[in-house]
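Quick note, the sequences are listed as chains Z and U, same order.
Per this note's numbering: the first sequence = residues 1 to 218.
Per this note's numbering: the second sequence = residues 1 to 215.
Derived by calculation from the structure, the hints in this document are not laboratory data.
All residues carry an ideal CB built from backbone N, CA and C; glycine is no exception.
Errors might be hidden in some of the hints.
What the hints assert, rightly or not - Reference listing, derived: stretches of chain Z covered by chain U, where coverage requires no fewer than 3 residues with Cβ under 8 Å from a Cβ of chain U:
#, segment
1, 19-28
2, 31-38
3, 45-59
4, 119-129
5, 132-145
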Amino acid sequence: MDGIHDLGGRQGYGPIDVGEPPEPFHAAWEARLLGIVRAFTRPGAWSIDWFRHVRECIDPADYLTRPYYDQWLQTYAAMMVDSGAATVAELATGRSASALPGMPAPATPESVETAKKTFARFDRESTAAPTFAPGDAVRTNPLGAAGHTRLPQYARDKRGRIERFRGFHILPDSNMTGKGTAEPLYTVSFDATELWPEAGSRRDRVYLDLWESYLERA
Amino acid sequence: MSEDHAGRMGAIHRELHSHLPPEPALRVKALESLLVEKGLLDPRTVDAWIEVYTEEIGPKRGAEVVARAWSDPAFKARLLEDAPSAIAELGFQGWASGHLNVVENTPAIHNLVVCTLCSCYPHALLGIPPNWYKTAAYRARAVRDPRGVIAEFGEVVPDEVEVRVWDSTAELRYLVMPARPPGTEGWDVARLAALVTRNAMIGTARDLAPRVGGR
Numbered sequence: 001m002d003g004i005h006d007l008g009g010r011q012g013y014g015p016i017d018v019g020e021p022p023e024p025f026h027a028a029w030e031a032r033l034l035g036i037v038r039a040f041t042r043p044g045a046w047s048i049d050w051f052r053h054v055r056e057c058i059d060p061a062d063y064l065t066r067p068y069y070d071q072w073l074q075t076y077a078a079m080m081v082d083s084g085a086a087t088v089a090e091l092a093t094g095r096s097a098s099a100l101p102g103m104p105a106p107a108t109p110e111s112v113e114t115a116k117k118t119f120a121r122f123d124r125e126s127t128a129a130p131t132f133a134p135g136d137a138v139r140t141n142p143l144g145a146a147g148h149t150r151l152p153q154y155a156r157d158k159r160g161r162i163e164r165f166r167g168f169h170i171l172p173d174s175n176m177t178g179k180g181t182a183e184p185l186y187t188v189s190f191d192a193t194e195l196w197p198e199a200g201s202r203r204d205r206v207y208l209d210l211w212e213s214y215l216e217r218a
Numbered sequence: 001m002s003e004d005h006a007g008r009m010g011a012i013h014r015e016l017h018s019h020l021p022p023e024p025a026l027r028v029k030a031l032e033s034l035l036v037e038k039g040l041l042d043p044r045t046v047d048a049w050i051e052v053y054t055e056e057i058g059p060k061r062g063a064e065v066v067a068r069a070w071s072d073p074a075f076k077a078r079l080l081e082d083a084p085s086a087i088a089e090l091g092f093q094g095w096a097s098g099h100l101n102v103v104e105n106t107p108a109i110h111n112l113v114v115c116t117l118c119s120c121y122p123h124a125l126l127g128i129p130p131n132w133y134k135t136a137a138y139r140a141r142a143v144r145d146p147r148g149v150i151a152e153f154g155e156v157v158p159d160e161v162e163v164r165v166w167d168s169t170a171e172l173r174y175l176v177m178p179a180r181p182p183g184t185e186g187w188d189v190a191r192l193a194a195l196v197t198r199n200a201m202i203g204t205a206r207d208l209a210p211r212v213g214g215r
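Model the full structure from these sequences, guided by the hints.
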């Protein structure tokens, strides 16, 4: 999706707030929202890719101006409305108009001990062989994709080099429903001069993790 | 994958924008009370998670990992080869770090981490990302002008040093292992860890040399 979220290399953005205070949260509501997100039982089978795509669909003006955790709130609210778990009126008032039957009891404070030490994995076993090997020259897909995808615009139709094969990972483009298929994933590096007209003689490189269907042999 | 989620979800977003309370704090309050009423949330669990990310899980974990790697070549080798297993030795496994990779700064190479498409970050080792890491400015600029971004943080990367920018486009997460500064020979892990800053593990800082008089 050619959305506002695809920010890499966009120009005109101003300075970075290098003097930001070191505390993890800068407002009580930010901490509260982060805690809610870690604690609440999802009323639907939402994949990480569906979460990301729903966030990408936030109105561009809101995407650029709303605080980060406020965007998370908006994303979960939208997923709840879309799945039928809540209405806009319920989210606006905080009052439930109808019960959600069949849900397990919410996570307890004791569950945090285990949950905080849990690794999530997104790779899958496969006996298939990857097409590319380290050192291979590849060119990225020139068109991108209409829906969710993880090939940024700045790296489309560019020549890169396979650095490493990372195993078979769930292809985000196929995982809106959580039933995605796995594909070879590679770390691919690009010369800064391949990406940016002003890079001049800089020897710098940009590394991306890209799925096999984003690539063809160059 | 041609279904138009963007149209359907965009309409829901606009409706939410029109009807939810005007302040973020009020929106969060409404969401929390709704989730509690729906039986999806125990507020005590929210408190527990806030405590975890305020008191326990933060950049001190990453700093300990780096300091151990500086002190123990065998641990460093395991960390560079299979970071999730290496951090599990310290009990640091957790959120967004199941596919962790550690990239090492050297005299010839400087690494910088960004997520241009969202805000991917190794939470289990660095905790809650700073707000600047999640801003449009950092996400737009880090891949294109990494040296300018680092200069804004106060350091100049020499021309002869190659800058490698890691854009976290998949579920792999990246942690920069800064170079051990000279003058720290014989220091123990705790003393070394106190030198390692969050920004150095993102890559917006490079030089960790102890300053006279401390800092």
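Evaluated hints:
no.	hint	verdict
1	19-28	holds (count 7)
2	31-38	holds (count 7)
3	45-59	holds (count 9)
4	119-129	holds (count 5)
5	132-145	violated (count 1)
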